Amino acid sequence: MSESQKDWPLYEIFIRAKSGLDHKHVGSLHATDARMALEHARDLYTRRQEGVSIWAVRSADIVASDPAESDAFFEPARDKVYRHPTFYDIPDEVKTL
Amino acid sequence: MTPAVRYVLRLADTNLVLAQRLGEWVGHAPALEEDLGIANLALDLLGQARLLLAHAGRLEGAGRGEDELAYLREESEYFNLTLVEQPNGDFGGTIVRQFLFDAWQLGLYEALAESRDAALAAIAAKGLKEAAYHLRYSGGWLVRLGDGTPESHARVERALGVLWPFTNELFVDDETDRAVAEAGIGVLPSSLQAAWSARVDETLARAMLARPAAAHYVWYGKQGRHSEHLGYLLAEMQSLHRAHPGAAW
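Respectively, the protein sequence lines represent chains S and F. So the first sequence is numbered by this note's numbering: it starts at 60 and just counts up by one. So the second sequence is numbered by this note's numbering: it starts at 2 and just counts up by one.
Taking lysine to aspartate or glutamate pairs in the EDC-like style, the calculated list, with each CA pair at most 20 Å apart, reads:
hint	chain 1	residue 1	chain 2	residue 2
1	S	LYS65	F	GLU152
2	S	LYS65	F	ASP148
3	F	LYS127	F	ASP45
Cβ pair distances, simulated, as ranges:
hint	chain 1	residue 1	chain 2	residue 2	range
4	F	LEU37	S	ASP148	53 to 59 Å
5	S	ALA127	F	HIS242	58 to 64 Å
6	F	GLU75	S	ARG106	32 to 38 Å
7	F	ARG179	S	ARG106	38 to 44 Å
8	S	GLY79	F	HIS242	44 to 50 Å
9	F	ALA206	S	ARG106	28 to 34 Å
10	S	ASP81	F	LEU189	45 to 51 Å
11	S	ARG117	F	ALA206	24 to 30 Å
12	S	SER118	F	HIS217	49 to 55 Å
13	F	ASP91	S	SER78	39 to 45 Å
14	S	PRO135	F	PRO31	44 to 50 Å
Treat the hints as calculated values from the structure; they're not laboratory data. Computed from a predicted model, the values in this text were never measured in an experiment. Where a beta carbon is used, it is the ideal one built from N, C-alpha and C, also for glycine.
My request is simple: use the sequences and hints to build the entire structure.
See below:
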C-alpha cells in the first residue's frame, strides 16, 4: 500500500451554531469516508454543544484562489471606495440602518 | 441486598467496566480522531455509570455513594456482564465487543425508559440517545472493517468468534431479573433477544460476516463470577483511591 493510500483523506468541517445562522468553517480532520467524517466532526467539534448541523467537504474538492494572484484578484477593488455606501446623509431620526 | 439494588448495580458495573476498558485506548488509538471518538464513548458510559451507581447507593440506603461503590468493592462484588471485561484486543476486537454491546444496550434502554422507577427511567431515556449514536459508530466501523481488506475482515471475524459466546449472558434471566421485571422496575433480559438478533444480523450481513454458531456455555459475571480479566482491571482502576482514600482533583 502506498503512503498516499495509508493517509486518510482530509475533510473540511463547517458547523452551524444554531438554526438561522450560516455554517462556519471550524477546522479539518481525517476520515476514510463521508460517514466517518461526520462522526469525527461530531466528536471533535460539537462535544460542547457548538452546533446543530455539520457539513463535511473533501478538502481536495475545494477550489481556492491562489495567494500569488491576490494582487490581480483583490487590488483593483482597493481604489473604488464609491462601492461602499458611505456617501449618504443619514437623517438623525433614523436610529438603525 | 435487594433485587433492585443488585439490578441497578449490574447496569452500573457493566457501564463502568466498559468505560474503563475503552479508556485504555486513549493515546493509543489508530488515529487522533478515533482517540477522541473512543474517549467520547467511554465518557458517555462513565456518565451513565455514575448516575446508576449513585442511584444504587440511594436504593441501598447504607450510606455508600458512587465512589465507595466504584472503588471499594471486590471483584466478586462486581456484577457486570462478562463481555465488557474482555480485553480490548486490536481495534477490530474493540469494535466487535462495542457493537455487540451497543445493540444490546439500545434495546435495553428503550425498554427501561418505561420503568416504574422514575430515576431509572430518566437515566435510560438520557442514555438512549447516547446508545443510538454508539451503535451508529460501532456498526459503521464493523461494516468498514468486515467489508474492508482481507486482513481487516479476518481480524473482525476472529474477534467475533472469540466474543460471541459471551453474548449468551445478555439474555439469561435469573431470580434478580425476574423479581425486578415483576415489580415493573427492570427489564427481563430474555425479552431483549429477538430485537438484538435482528439488529446484529442486519449489520453482520452488511459487514460480510457470518453469524457464529450458538455457544452453550453461559458466563455469570452478573452474579459476581468473572473471567480472569476483571481483577486486573479493577486493580488498576481502584489503586489510586485505595492508596489515597478520598483523593480528589
